[in-house]
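Undergrad: Full structure from sequences and hints, please.
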Amino acid sequence: MSGLAPAIVAGIVAAGSLGIALIAQAQADARRSGFESMGPATQAMQRDDRENPGMLWVRDGEALWSRKAGTADRSCADCHGAAPAGMRGVAARYPAFDARLQRPVNLAQRISLCRQERQQAEPLRAESQELLSLESFVALQSRGLPIAPPADPRLAPFRERGRELYRQRMGQLDLACAQCHDDNAGKRLGSSVIPQGHPTGYPIYRLEWQGLGSLYRRLRGCLTGVRAEPFPPDAPELVELELHLAARAAGMPVETPAVRP
Amino acid sequence: MARALIDVPKSPRRGEIIEIRTLIAHPMETGYRAGGDGRKLPRDIVRRFSCRYDGELVFSAEFFPAVAANPYCAFHTVATASGTLTFTWEGDNGFTQTEAVAITVT
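Going down the list, the protein sequences come from chains A and B.
Each residue of the first sequence is one higher than the one before, counting from 7 in the working numbering.
Each residue of the second sequence is one higher than the one before, counting from 531 in the working numbering.
Derived from the structure by calculation, the hints contain no laboratory data.
Treat the hints loosely; a few may be bogus.
[What the hints assert, rightly or not] Once the Cα atoms are required to be at most 20 Å apart in a straight line, the calculated EDC-like pairs of lysine to aspartate or glutamate come out as:
hint, chain 1, residue 1, chain 2, residue 2
1, B, 540, A, 42
2, A, 74, A, 128
3, A, 74, A, 84
4, B, 540, A, 136
5, B, 540, B, 584
6, A, 193, A, 68
7, A, 74, A, 158
8, B, 540, A, 54
9, B, 570, B, 622
TA: Have a look at this one:
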């Protein structure tokens, strides 16, 4: 009897952990990219590179990749080589920790830093054509690869703050990100389906914008939507939120350049 | 930044009906919107698109303010002979862009 009890307990524990694993898997499977709630015409636009207007920026980025800039007279390609090999999977790992700045940086900030430090060139203005083009070109090299947030322990406190921020009520409407994108995702706000808010395809070509835009533009849209004051473009909160969103979407495939309504 | 994406079948057979797809970067500002300062933004759209196959006009279209930014245009033609397809977009403020794509008919 005394020998059987631990076996039963072990069995229950095993079944319990199996249950947790199954629930976790079911939850993972319940994640949906915004792509899936789009109309078939918009989906076709994203699927086909000849129809996807985001590719206009990607082509620009490709040209910028090998263009020399700054007093160092170096191009991205001079250090990183051909992008399809050198940049494969890089975008899927961002935001990442920058040891010199002692804080996380996202892909656009990384490109800007590289430009200033290695190329000795003028920094690119946030969300400028050039920066969006380079960002989309680099992110394209990770298309189809799973989002893989780094396990770097130095990122943990920032990611945790992002998680808190995601649940923090904001603005005159007193709404948190989670209230729409976790609790009510899949329902409608007006005529639009509320997406789960996974940042799988940034920079995205948004039909509403009639152009390519960054994740921060999207977040700004949500913030003004709940009538909160948007964070300035260099605010640490934005990178913290991005860290949380990336962790939330870990394993989902990168879609850049995605098209969204 | 002159940018256009053009998709022409690589090596169609003679007499084959081919689909040609084009996408050009253009803001297509309608002329009806107000800018941040409340003033009306002047119209800036592509007015006309045409495609010539070895000099012969095979397709043309007129665009209007209701057409979205970065207009996409797909059309069909018959692959008659190897040659050059010339695409021209013309619009407000003297906008003009021409792209040429070679086609090899087998």
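Undergrad: Compare the structure with each hint and give your call.
TA: Cross-check of the supplied hints:
A C-alpha spacing of about 32 Å is found between residue 540 of chain B and residue 42 of chain A, which places the hinted pair above 20 Å, so the restraint is violated. Simply put, residue 74 of chain A and residue 128 of chain A have alpha-carbon atoms about 13 Å apart, close enough for the 20 Å limit, and the pair holds. Our distance criterion of 20 Å between C-alpha atoms is met by residue 74 of chain A and residue 84 of chain A, whose separation comes to about 8 Å. Annotation: proposed proximity of residue 540 of chain B to residue 136 of chain A is violated, straight-line Cα distance about 31 Å (limit 20 Å).
Distance check on the hinted pair: residue 540 of chain B and residue 584 of chain B sit about 17 Å apart at the alpha-carbon level, within 20 Å; holds. Distance hint between residue 193 of chain A and residue 68 of chain A is unfulfilled; the C-alpha atoms sit about 39 Å from each other, more than 20 Å. As the CA atoms of residue 74 of chain A and residue 158 of chain A are separated by approximately 33 Å, the hinted pair breaks the 20 Å bound. Between residue 540 of chain B and residue 54 of chain A the alpha-carbon distance is near 17 Å, which keeps this suggested pair within the 20 Å criterion.
Simply put, residue 570 of chain B and residue 622 of chain B have alpha-carbon atoms about 16 Å apart, close enough for the 20 Å limit, and the pair holds.
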